[in-house]
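Chemist: One letter stands for each residue in the lines below.
Protein chains: 2
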Amino acid sequence: MARGAVLLGTGGGGDPYIGELFVRAKIEAGRMPTIIDPDELPDDAFVVAIAGIGAPTVIIEHLVSEVTLLRVLARAEALYGRPIDAIVSAEIGGANSMFPLALSAISGIPVVDADGIGRAVPHLEMTCFSIDGIAATPAILMDDSGNSVVIEAASDKMAEELCRVVTGAMGAVAFGSFYPMSGGQLKRCGVLRTLTQTRDIGRSIRLARTAGRDVFADLIEVLERRDGRPARVLFDGRIVDVMRETRDGWHWGRVTLHELTDAGQVFTVDIQNEFIAARRNDETVAIVPDLIAILDRETGEPLTGEMLAYGQRVKVIGYAADAKLRQPESLNVLGPLAFGLDEPFIAIEDRA
Amino acid sequence: MARGAVLLGTGGGGDPYIGELFVRAKIEAGRMPTIIDPDELPDDAFVVAIAGIGAPTVIIEHLVSEVTLLRVLARAEALYGRPIDAIVSAEIGGANSMFPLALSAISGIPVVDADGIGRAVPHLEMTCFSIDGIAATPAILMDDSGNSVVIEAASDKMAEELCRVVTGAMGAVAFGSFYPMSGGQLKRCGVLRTLTQTRDIGRSIRLARTAGRDVFADLIEVLERRDGRPARVLFDGRIVDVMRETRDGWHWGRVTLHELTDAGQVFTVDIQNEFIAARRNDETVAIVPDLIAILDRETGEPLTGEMLAYGQRVKVIGYAADAKLRQPESLNVLGPLAFGLDEPFIAIEDRA
Chain F
0 MARGAVLLGT GGGGDPYIGE LFVRAKIEAG RMPTIIDPDE LPDDAFVVAI AGIGAPTVII
60 EHLVSEVTLL RVLARAEALY GRPIDAIVSA EIGGANSMFP LALSAISGIP VVDADGIGRA
120 VPHLEMTCFS IDGIAATPAI LMDDSGNSVV IEAASDKMAE ELCRVVTGAM GAVAFGSFYP
180 MSGGQLKRCG VLRTLTQTRD IGRSIRLART AGRDVFADLI EVLERRDGRP ARVLFDGRIV
240 DVMRETRDGW HWGRVTLHEL TDAGQVFTVD IQNEFIAARR NDETVAIVPD LIAILDRETG
300 EPLTGEMLAY GQRVKVIGYA ADAKLRQPES LNVLGPLAFG LDEPFIAIED RA
Chain G
0 MARGAVLLGT GGGGDPYIGE LFVRAKIEAG RMPTIIDPDE LPDDAFVVAI AGIGAPTVII
60 EHLVSEVTLL RVLARAEALY GRPIDAIVSA EIGGANSMFP LALSAISGIP VVDADGIGRA
120 VPHLEMTCFS IDGIAATPAI LMDDSGNSVV IEAASDKMAE ELCRVVTGAM GAVAFGSFYP
180 MSGGQLKRCG VLRTLTQTRD IGRSIRLART AGRDVFADLI EVLERRDGRP ARVLFDGRIV
240 DVMRETRDGW HWGRVTLHEL TDAGQVFTVD IQNEFIAARR NDETVAIVPD LIAILDRETG
300 EPLTGEMLAY GQRVKVIGYA ADAKLRQPES LNVLGPLAFG LDEPFIAIED RA
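Chains as they are written, first to last, in numbering that gives the first Met the number 0: chain F, 0 to 351; chain G, 0 to 351.
Because the hints were derived from the structure by calculation, they are not lab data. There may be inaccurate statements among the hints.
Said to hold, decoys possible - Have a look at the derived ranges for each label pair, beta carbon to beta carbon:
no.	chain 1	residue 1	chain 2	residue 2	range
1	F	Arg-30	G	Ala-153	22 to 32 Å
2	G	Gly-170	F	Glu-328	24 to 34 Å
3	F	Ser-144	G	Arg-23	38 to 48 Å
4	F	Gly-170	G	Gly-170	18 to 28 Å
5	F	Ser-144	G	Arg-187	24 to 34 Å
6	G	Gly-170	F	Gly-80	27 to 37 Å
7	F	Val-232	G	Thr-245	49 to 59 Å
8	G	Ala-153	F	Ala-153	23 to 33 Å
9	G	Thr-245	F	Glu-342	31 to 41 Å
10	F	Arg-205	G	Glu-76	54 to 64 Å
11	F	Gly-107	G	Ala-322	54 to 64 Å
12	F	Gly-211	G	Ala-153	48 to 58 Å
13	G	Arg-187	F	Glu-328	55 to 65 Å
14	G	Gly-107	F	Ser-144	36 to 46 Å
As the list claims (entries may be wrong) - One-sided and incomplete, this derived list gives chain G residues near chain F with beta-carbon spacing under 7 Å:
no.	residue
15	Asn-146
16	Val-149
17	Ile-150
18	Ala-152
19	Ala-168
What the hints assert, rightly or not - Subject to a maximum C-alpha distance of 25 Å in a straight line, what follows is the list of computed DMTMM-like cross-link-like pairs (lysine to aspartate or glutamate):
no.	chain 1	residue 1	chain 2	residue 2
20	F	Lys-314	F	Glu-348
21	F	Lys-156	G	Glu-151
22	G	Lys-156	F	Asp-143
23	F	Lys-25	F	Glu-65
24	F	Lys-323	F	Glu-223
25	G	Lys-323	G	Glu-342
26	G	Lys-314	G	Glu-220
27	F	Lys-186	F	Glu-223
28	G	Lys-156	G	Glu-244
29	G	Lys-314	G	Asp-349
30	G	Lys-156	F	Glu-151
31	F	Lys-156	G	Asp-143
In this text, a Cβ means the ideal position worked out from N, Cα and C, and glycines have one as well.
Based on the provided sequences and hints, a complete structural model is requested.
Modeler: Okay, here's the thing in structure tokens:
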């Protein structure tokens with residue numbers, strides 16, 4: 000699941016390594032996270048989204064604290080004034096898919112097989128929850144030093160801004176509870192069954208690798224199986240440049256690739272926490288909200304933005320976003336313009 | 000009181016003009032703020048400090064919202080889980096002395112004749128409340144746009160940092176409730192009867208002005224009457240330069256003065272929200288936490304940092320800080336070093 004989450008995280012959402020270790024240790028100790036299908040969730044259940052916020056470069060080095068996760072849960076129940084029946088990932092992404100599983104393992108509260116966006120996004124207000132009118136706040140943000148902040152914002156854009164500055168003051172990473180909602184709301188507004196999708200992706204990579212099959216052929220098939228959303232390998236080559244900086248709690252950058260055999264082909268991927276645009280010889284071939292993933296070309300291992308390094312041989316995959324993300328009201332908040340890219344959204348399957 | 004608060008605010012704490020208009024309008028409408036002496040406050044009363052946070056340059060242009068003040072009060076009572084028996088100023092300063100009076104006028108809750116420091120300071124953790132171990136949080140910060148943030152910090156230094164970034168995200172000014180405490184704590188840790196001191200200062204200036212007496216002679220007498228704390232005119236001259244910038248929500252600057260008749264005498268006052276150091280020909284003559292005030296030399300009107308302008312004829316007054324502020328544990332957090340000034344605290348009366 001961690002491996003699949005890195006692919007759907009499109010470079011963002013944090014490295015799952017620490018979270019994966021944490022969940023694995025709990026499972027080995029007999030404490031399994033519980034995942035329930037959306038159909039098992041009563042409409043009147045009380046659900047909150049659990050997420051880590053911060054610069055992915057920092058999240059990598061930050062241990063998940065069991066104490067903090069349990070404190071977030073306790074404080075959330077006190078704030079909302081009722082027990083939490085289930086938790087959900089705000090987004091799919093390496094670390095952010097692991098935190099709810101970790102919390103489930105230690106608390107027994109089930110995780111719903113769904114999330115708020117079916118990928119990772121750099122802003123709260125870009126989730127389908129926000130787009131469909133479920134408020135991100137009241138929210139709680141906590142750090143490992145005993146600081147806690149409750150936010151009630153007039154808009155999710157303001158919630159994002161407040162979370163961002165508070166996270167900065169907390170040392171660039173914080174954990175929190177967001178989007179208090181009913182089971183009915185989650186089923187109507189979330190992107191459903193994305194946790195099992197991460198499992199299927201991860202399993203496909205592992206099995207193809209073990210059997211010595213072409214990882215990418217299997218992977219494209221598994222991705223396209225979901226609602227027939229097209230996926231394709233956009234580029235096969237070598238990283239010749241990685242430009243990266245962490246600024247204002249954000250991860251900005253651009254990766255440049257050449258083909259292994261033909262240096263004339265230049266491929267770039269822009270990063271704004273996530274991979275947001277892929278271009279071949281300056282011509283856009285995939286753009287947000289469609290998903291862009293970069294994987295090791297030999298092992299098929301999905302890579303986060305922080306893992307990319309000069310000389311790596313990789314394949315870049317483009318994958319059509321969930322239909323919800325391509326609706327006009329969604330494109331208004333998470334289309335190319337929302338990322339400062341001055342070009343329209345064109346679906347990956349409608350490009351040359 | 001507004002006039003006296005600007006003097007004790009040592010250049011910071013905001014312009015009282017808007018707050019004064021607000022309180023005056025309430026008084027004319029028959030709604031008087033209630034001020035009680037600390038002796039009238041039961042030890043088990045529940046008290047909170049009310050303050051505006053933000054860059055003084057912004058506070059000037061920002062109208063006090065009655066709705067926001069009442070919302071702060073209601074949310075504070077909900078957060079603390081009990082009715083608020085009395086409110087107090089976190090610091091004395093133009094705007095920050097007016098907010099509690101305004102809230103008292105509209106809510107009927109009395110203001111205690113005291114504050115947290117007897118002057119204005121740029122950081123929460125610099126108040127005597129913090130120094131004496133009363134935590135600044137749980138605190139609430141709200142703006143006029145319906146955003147609210149509850150902070151519980153592991154230290155008052157962290158509380159300050161969180162308040163600062165949240166205030167920045169809220170548009171550089173926010174109102175809040177801090178330092179939930181008992182009446183007994185306030186009486187033990189606060190600087191007492193500073194509101195009546197602002198009244199006495201203001202009255203002295205007005206009466207001397209009306210009677211055509213020397214405002215400064217009367218003023219020094221009124222200031223020294225309080226516990227015998229020495230006050231003196233440090234400089235009499237003309238502003239020849241004002242350097243000022245608002246950066247990271249802070250007001251930084253330096254004012255340079257010459258004597259009216261002798262340009263050889265150069266006097267400077269450093270600003271860090273408040274006036275923090277006064278020097279004659281590079282020799283320090285007053286330094287935090289002792290108070291430095293700049294007043295119009297003809298009318299005796301106390302001036303905030305933002306009111307200072309080239310060509311103004313002013314007198315600079317130095318005034319010994321309350322004894323509490325000069326204790327070693329206080330100097331650790333609000334002495335010169337805390338402001339990045341590399342010199343020891345020397346009391347104004349111990350200088351040449």
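Chemist: Now look at each hint and say whether the structure bears it out.
Modeler: Now the hints, each set against the structure:
For the pair Arg-30 of chain F and Ala-153 of chain G, the supplied restraint of 22 to 32 Å holds, since their beta-carbon distance comes to about 29 Å. A hinted range of 24 to 34 Å for the beta carbons of Gly-170 of chain G and Glu-328 of chain F is consistent with their spacing of about 27 Å. Take Ser-144 of chain F and Arg-23 of chain G: their Cβ atoms lie about 45 Å apart, and the range 38 to 48 Å holds. Taking 18 to 28 Å as the suggested C-beta distance range, the pair Gly-170 of chain F and Gly-170 of chain G conforms, at roughly 24 Å.
Restraint check, Ser-144 of chain F to Arg-187 of chain G: a C-beta distance of roughly 29 Å satisfies the suggested window 24 to 34 Å. Range check, Gly-170 of chain G to Gly-80 of chain F: Cβ separation about 30 Å, and the 27 to 37 Å hint holds. For the hinted restraint 49 to 59 Å between Val-232 of chain F and Thr-245 of chain G, the CB-CB distance of approximately 52 Å keeps it satisfied. About 28 Å separates the C-beta atoms of Ala-153 of chain G and Ala-153 of chain F, a value consistent with the hinted range of 23 to 33 Å.
In this structure the hint that Thr-245 of chain G and Glu-342 of chain F lie 31 to 41 Å apart at CB holds, the actual value being about 37 Å. Separated by about 56 Å at the C-beta atoms, Arg-205 of chain F and Glu-76 of chain G satisfy the suggested range of 54 to 64 Å. With their beta carbons about 57 Å apart, Gly-107 of chain F and Ala-322 of chain G fall inside the hinted range of 54 to 64 Å. For Gly-211 of chain F paired with Ala-153 of chain G, a C-beta distance near 53 Å keeps the hint of 48 to 58 Å intact.
Between Arg-187 of chain G and Glu-328 of chain F the beta carbon distance is about 57 Å. The supplied range of 55 to 65 Å therefore holds. Checked against the given bound of 36 to 46 Å, the beta carbons of Gly-107 of chain G and Ser-144 of chain F, roughly 39 Å apart, stay inside it. The interface hint given for Asn-146 of chain G holds, since its Cβ lies 5 Å from the closest Cβ of chain F, which is under the 7 Å cut-off. The interface hint given for Val-149 of chain G holds, since its Cβ lies 4 Å from the closest Cβ of chain F, which is under the 7 Å cut-off.
For Ile-150 of chain G, the interface hint holds, the least distance from its beta-carbon to any beta-carbon of chain F being 5 Å, beneath 7 Å. Using the Cβ-Cβ criterion of 7 Å, the hint placing Ala-152 of chain G at the interface with chain F is satisfied: the shortest such distance is roughly 5 Å. Among the interface hints, the one on Ala-168 of chain G holds; its C-beta lies about 5 Å from the nearest C-beta in chain F, closer than the 7 Å criterion. A distance of roughly 18 Å separates the Cα atoms of Lys-314 of chain F and Glu-348 of chain F; the hinted pair therefore holds under the 25 Å criterion.
Between Lys-156 of chain F and Glu-151 of chain G, the direct Cα distance comes to roughly 23 Å. Compliance with the 25 Å bound is thereby established for this hinted pair. Between the alpha carbons of Lys-156 of chain G and Asp-143 of chain F the distance comes to roughly 16 Å, so the proposed pair stays at or under 25 Å and holds. As the CA atoms of Lys-25 of chain F and Glu-65 of chain F are separated by approximately 11 Å, the hinted pair is consistent with the 25 Å bound. For the proposed pair Lys-323 of chain F and Glu-223 of chain F, the alpha carbon gap of about 16 Å is at most 25 Å, so the pair holds.
Proximity of Lys-323 of chain G to Glu-342 of chain G is assessed by CA-CA distance (about 20 Å); at most 25 Å being required, the pair is judged to hold. With a C-alpha separation of about 16 Å, the suggested pair Lys-314 of chain G and Glu-220 of chain G falls inside the 25 Å cut-off, and the hint holds. For the proposed pair Lys-186 of chain F and Glu-223 of chain F, the alpha carbon gap of about 22 Å is at most 25 Å, so the pair holds. Simply put, Lys-156 of chain G and Glu-244 of chain G have alpha-carbon atoms about 24 Å apart, close enough for the 25 Å limit, and the pair holds.
Distance restraint check for Lys-314 of chain G and Asp-349 of chain G: the Cα-Cα separation of roughly 21 Å lies within the 25 Å cut-off, and the hinted pair is therefore satisfied. This hinted pair checks out: Lys-156 of chain G and Glu-151 of chain F have alpha carbons roughly 23 Å apart, not beyond 25 Å. At most 25 Å may separate the alpha-carbon atoms for a hinted pair to count; Lys-156 of chain F and Asp-143 of chain G meet this at roughly 16 Å.
Violated hints for the displayed structure: none, as all numbered hints are satisfied.
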